[in-house]
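Novice: If you want the building blocks of each chain, they are given just below.
There are 2 protein chains.
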Amino acid sequence: MFKAAVLGAGYMGSAITYPLSENNIKVNLWGTWLDDEIIRSSLAGWHPKLKKPLPETVTPMYSGMLAEAVKDVDIIFIAVLSDGFVNVFNMLLDAIEKKDYYFFKLTKGIVQYDNKIVRATQAAQDMFEKKFPGADFKWATIGGPVKANELSDKIPTASIYALNKSMPKDMPFGFSANFYPVTVTDDIPGVEVSSSFKNVYSIAVGICDGLYKALREGMYHNFSAFVFNQAMMEMSKIAVAAGGSADTVFGLAGIGDFYVASLSGRNTRYGELVGKGENPKDSFNKMFAAGEVAEGYYALKLGVEWIKSLGMDLSRDLPLLDYLYRIVFLSKEPMQTLMDFVRDMKTRFKSVL
Amino acid sequence: MFKAAVLGAGYMGSAITYPLSENNIKVNLWGTWLDDEIIRSSLAGWHPKLKKPLPETVTPMYSGMLAEAVKDVDIIFIAVLSDGFVNVFNMLLDAIEKKDYYFFKLTKGIVQYDNKIVRATQAAQDMFEKKFPGADFKWATIGGPVKANELSDKIPTASIYALNKSMPKDMPFGFSANFYPVTVTDDIPGVEVSSSFKNVYSIAVGICDGLYKALREGMYHNFSAFVFNQAMMEMSKIAVAAGGSADTVFGLAGIGDFYVASLSGRNTRYGELVGKGENPKDSFNKMFAAGEVAEGYYALKLGVEWIKSLGMDLSRDLPLLDYLYRIVFLSKEPMQTLMDFVRDMKTRFKSVL
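Protein chains in written order, with our numbering: chain C, 2 to 354; chain R, 2 to 354.
There could be a bad hint or two in this list.
Identical copies go unnamed one by one, so any copy, or any two together, can satisfy a pair.
[Claimed, not checked] List time: in silico BS3-like cross-link candidates among lysine-lysine, alpha-carbon distance up to 30 Å: (1) K155 - K214; (2) K282 - K170; (3) K100 - K277; (4) K155 - K347.
Keep in mind the hints are simulated off the structure, nothing from the lab.
Can you build the whole structure from these sequences, using the hints too?
Specialist: Listed below in structure tokens is the structure:
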């Protein structure tokens with residue numbers, strides 16, 4: 002029977018312990034230096050974010066105990082915020098001796114690494130191969146529509162695992178449960194683009210919602226559906242430019258996850274504030290101070306840089322992302338800017354003639 | 002300058018007159034025998050469904066005036082309910098003499114015709130060619146995320162026109178406006194499958210919402226996102242089986258329209274009632290009596306029959322549709338049946354091994 006460590010005791014890291022427990026996999030849940038209060042409370046029987054006790058098979062561990070947490074395990078899940086990913090993965094590599102772990106990444110998307118912007122998997126692989134030259138890097142990136150509190154409530158939740166060549170194909174099915182059907186793909190870039198950019202584009206959906214909530218009664222959907230669709234088109238282009246497949250974006254990792262994010266995520270709520278006319282930087286900071294990190298804000302900034310390194314041109318290839326960037330980082334007025342986007346699309350739509 | 006007639010003075014037929022008016026196209030808005038009160042009120046200056054006056058370029062006409070409505074026009078939009086489509090198109094063919102109209106269909110999906118179930122375009126083409134043998138049938142089917150009241154409010158609304166070979170490619174761009182960007186495709190089956198089945202699958206999304214609303218506080222999205230994604234997969238399969246393209250489903254006609262329908266349509270509301278445990282037939286009838294027709298209910302019944310004629314097998318190819326049918330028409334308990342669906346998917350997900 003496998004044993005696992007989960008790094009990061011926030012929402013997602015803690016939630017994944019529920020299907021693992023269902024499969025009788027014992028888990029060391031390691032909290033970062035930001036998670037000390039979560040670990041203290043969890044040891045006392047109550048996870049303060051998920052608002053329930055952790056499964057009995059879970060051992061919460063403080064940030065000082067990384068080496069112990071990974072000592073006797075076979076599987077390591079990494080579930081820290083994108084921001085801390087490179088740092089924590091480095092700490093992990095320092096803490097481990099043997100090199101035949103199975104790594105599973107829940108952290109989203111793209112990161113800064115070695116003065117470049119890269120996908121998190123690229124950063125991890127580079128760090129791993131420097132530490133263990135010639136060793137086998139067994140790695141998977143996890144995507145799909147998963148709100149952590151629902152997974153821990155055992156609400157049916159589908160997930161997609163993108164495996165590299167060294168990861169055995171049947172491995173993720175050992176984590177599946179009747180409330181957690183799991184599927185696999187070999188398209189790591191497609192899943193990482195989806196999980197990162199759905200947060201970015203959810204801001205655009207939120208802005209559409211906010212624009213009209215500020216102006217009138219009732220809910221408006223035509224414009225946000227147009228934006229949702231355009232976001233799907235652009236995400237599929239980015240995935241292909243990153244070496245992935247459009248099919249992945251048009252599946253659980255993309256459509257599914259973007260649907261959840263648009264309906265209820267922090268990024269959509271952030272976008273709503275911007276759409277209602279609040280200052281983009283101030284509202285990000287205000288949410289941040291309240292413990293609500295709109296990750297799409299960072300991902301937009303990093304993503305726009307990263308896209309250039311893929312040889313894409315923002316205004317030519319990704320008009321929605323272009324206009325979104327103008328609103329969030331160049332202080333352009335949201336309504337006027339989105340109307341410019343619509344006129345731009347009207348012209349592009351005619352290009353078939 | 003073109004003149005147009007719109008057949009059907011309900012939500013969608015009336016809303017399309019706003020972009021037409023923006024393009025200085027005069028419109029005769031013909032109401033069916035069910036629309037007499039709408040026409041009376043519109044003549045007095047107030048459209049009772051859209052809750053605003055119609056554009057000044059619109060002439061409302063009673064059901065007895067079909068021949069006058071289409072007499073001097075070049076373009077005919079058909080916007081009656083699917084139910085009445087064959088009947089009204091037959092009346093139209095009886096009322097016209099010349100045969101060089103441009104036809105645009107806003108009516109959704111699939112219909113009963115000549116003791117068969119076919120796409121509405123197939124029925125119309127057959128009727129047209131019988132009446133005018135050898136004549137050129139200039140036809141387009143309209144799709145995309147369009148809630149009528151928002152279009153009439155000039156909220157940005159994107160639309161996709163699927164044109165047959167005889168319809169000039171630039172024609173629909175004559176209807177586009179800054180609040181109504183229009184794009185075109187030649188995939189009529191793809192658009193018709195999307196516009197019909199998004200109503201069907203919205204019922205499934207609604208059931209997921211209803212299940213949990215009945216059980217707990219808060220909104221749950223993981224399961225409905227899983228179902229949304231599976232619906233997209235199944236719609237793309239149906240489109241391909243019908244001779245269309247998956248790309249169309251993964252575009253404005255599919256993703257876009259399904260997104261709107263899932264967020265706010267009558268079919269989702271109907272599904273919610275079923276998910277909360279109400280009797281499927283009774284709740285359909287109750288909504289119907291209140292003037293709220295959940296078109297997906299009919300489309301599910303017809304659609305399941307139609308799919309068999311395409312050579313698809315429901316339980317093999319379209320599991321979500323299969324389980325949905327069991328709930329709505331075979332009185333299966335929603336929660337138990339959807340949990341069976343999840344377990345079924347869990348097994349299918351493993352089939353890659």
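Novice: Which of the listed hints are not met by the structure?
Specialist: Per hint list: 2 and 3 violated.
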